[in-house]
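Protein chains in written order, with UniProt numbering: chain A, 1 to 272; chain B, 1 to 219.
Hints were generated in silico from the structure; no laboratory data involved.
We put the CB at the ideal spot given by N, CA and C, even for glycine.
Check the hints yourself; a few may be wrong.
For lysine to aspartate or glutamate, the following DMTMM-like pairs were computed, each having C-alpha atoms within a straight-line distance of at most 20 Å [said to hold, decoys possible]:
| no. | chain 1 | residue 1 | chain 2 | residue 2 |
| --- | --- | --- | --- | --- |
| 1 | A | 214 | A | 160 |
| 2 | A | 222 | A | 235 |
| 3 | B | 199 | A | 11 |
| 4 | B | 91 | B | 150 |
| 5 | B | 199 | A | 235 |
| 6 | A | 225 | A | 258 |
| 7 | B | 106 | B | 150 |
| 8 | B | 199 | A | 12 |
| 9 | B | 174 | B | 209 |
Looking from chain B toward chain A, a few residues come up when the C-beta cut is under 7 Å (computed) [said to hold, decoys possible]:
| no. | residue |
| --- | --- |
| 10 | 96 |
| 11 | 109 |
| 12 | 165 |
| 13 | 194 |
So you can see what is in the structure, the chains are spelled out below.
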Amino acid sequence: EDLRVDGRGCEDYRCAEVETDVVSNTSGSARVKLGHTDILVGVKAEMGTPKLEKPDEGYLEFFVDCSANATPEFEGRGGEELGSELASTLYSVFSSEGTVDLKSLCINPREHCWILYVDVLLLECGGNLFDAISIAVKAALFNTRIPKVQVLEDEEGSKEIELSDDPYDCIRLNVDNVPCIVTLSKIGYRHVVDATLQEEACCLASLLISVTSKGALTSIKKVGKGSLDPESIFEMMETGKRVGKSLHVALQKILDEEESLGTSRQKVGFLG
Amino acid sequence: RYYGEVGDIVVGRITEVQQKRWKVETNSRLDSVLLLSSMNLPGGELRRRSAEDELAMRDYLQEGDLISAEVQSIFSDGALSLHTRSLKYGKLGQGVLVQVSPSLVKRQKTHFHDLPCGASVILGNNGFIWIYPTPEQKDEEAGGFTTNLEPVPLSDREVISRLRNCVVALVTQKLMLFDTSILYCYEASLPHQIKDILKPEVMEEIVLETRQRLLDLEG
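Based on the provided sequences and hints, a complete structural model is requested.
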């Protein structure tokens with residue numbers, strides 16, 4: 001039967017609140033509240049040199065900070081292990097081609113490119129961290145505005161980079177292919193989406209799959225000390241794809257609605 | 001944090017099994033103590049606790065079990081001494097625990113309620129609310145130590161989930177918890193789906209209706 005402790009079905013998400021542009025001195029930011037889980041993401045665009053193996057692309061750098069306020073286990077340096085695990089998951093999710101258009105981040109091949117530093121801050125830990133973080137990252141990337149630059153050549157051949165004067169003249173990222181992570185936790189014989197802390201305590205193994213809005217999987221990861229039967233992995237993947245697609249649709253709707261309100265919308269921010 | 005009084009009902013979780021007692025976590029500053037001599041043992045009331053009883057302690061209550069008990073006395077350092085010397089206390093079987101602030105639980109004559117909607121609830125003074133399916137027979141031979149592990153039917157589980165969400169809604173809106181308020185909230189939530197009760201708008205609407213009915217009851 002399809003009934004969990006709080007009345008949800010196995011594929012239902014908790015009530016989520018998404019808000020973008022909450023931090024003023026970043027290029028893009030977002031805050032996501034999924035039940036008791038609270039995530040703040042800030043994206044800063046900085047100029048740098050491209051990587052040697054990909055000279056005509058920019059890249060993303062992820063950093064996850066588990067705030068000590070999130071849960072008592074994160075006191076001092078307790079949250080570092082979890083933070084590095086989350087960051088490496090984000091790297092593998094965004095590693096496949098086509099998730100973000102990296103070529104648009106290039107200014108001068110081999111010399112200048114935009115590097116997007118994505119910083120994730122865990123404000124409160126209430127179960128299902130991966131999903132909330134991926135939703136927040138997608139919203140923040142949607143909200144990111146990178147200023148347009150022009151490269152001028154001097155007579156001596158040295159290049160000068162000029163920032164356009166208009167502060168609203170900027171490039172936006174195309175987030176259609178940015179994937180979202182769906183965590184499927186196996187409890188007993190069934191698997192559930194969006195586990196609360198209590199459900200996570202009962203679950204022995206879970207599967208993280210990152211799904212794009214078209215239903216393509218970019219990465220799969222298994223966490224937990226239990227084992228998963230190959231048949232159930234297949235079932236979980238199908239569920240994940242279904243749930244992921246509807247999640248993307250709902251998220252895009254909210255982001256578009258927020259965008260249409262423009263500057264007149266009331267911001268709650270992250271202190272409220 | 002919960003500050004205990006003698007005669008309060010509490011719901012707690014066993015954290016340690018020690019020499020002649022169990023340590024129980026009750027959301028207070030110090031862990032409460034349940035002495036072996038304060039426990040009902042099968043074989044009659046006035047049995048002397050022997051050495052075999054001590055060794056068999058783990059058969060009765062292990063770490064992680066939930067119990068309902070009454071506060072017998074308070075030690076000088078503030079730790080509570082619990083007792084389960086009545087058939088209505090003892091180990092709790094299948095059900096749902098909701099942890100709330102102790103100040104929201106109203107002090108009443110009785111804290112064990114059988115709600116007409118089909119489930120029972122124990123309102124612990126320490127803020128631990130236990131919701132469970134109403135047991136069919138009322139006679140307990142073993143003194144409340146056997147746990148019934150049969151699967152709970154879907155209809156009972158729906159009632160329990162709805163009650164749990166109602167309790168969470170009442171707590172979020174800072175309304176006192178007692179049997180009438182929970183019952184009114186349950187009735188007010190019936191038109192909505194169980195999972196919708198946790199949405200902020202629906203929660204406000206239900207609690208407003210409950211508050212109105214409670215005011216009408218008083219006035």
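Verification of the supplied hints:
| no. | hint | in the structure |
| --- | --- | --- |
| 1 | 214/A - 160/A | violated (41 Å) |
| 2 | 222/A - 235/A | holds (14 Å) |
| 3 | 199/B - 11/A | holds (17 Å) |
| 4 | 91/B - 150/B | holds (16 Å) |
| 5 | 199/B - 235/A | violated (30 Å) |
| 6 | 225/A - 258/A | violated (41 Å) |
| 7 | 106/B - 150/B | violated (33 Å) |
| 8 | 199/B - 12/A | holds (13 Å) |
| 9 | 174/B - 209/B | holds (14 Å) |
| 10 | 96 | holds (6 Å) |
| 11 | 109 | violated (30 Å) |
| 12 | 165 | holds (6 Å) |
| 13 | 194 | holds (3 Å) |
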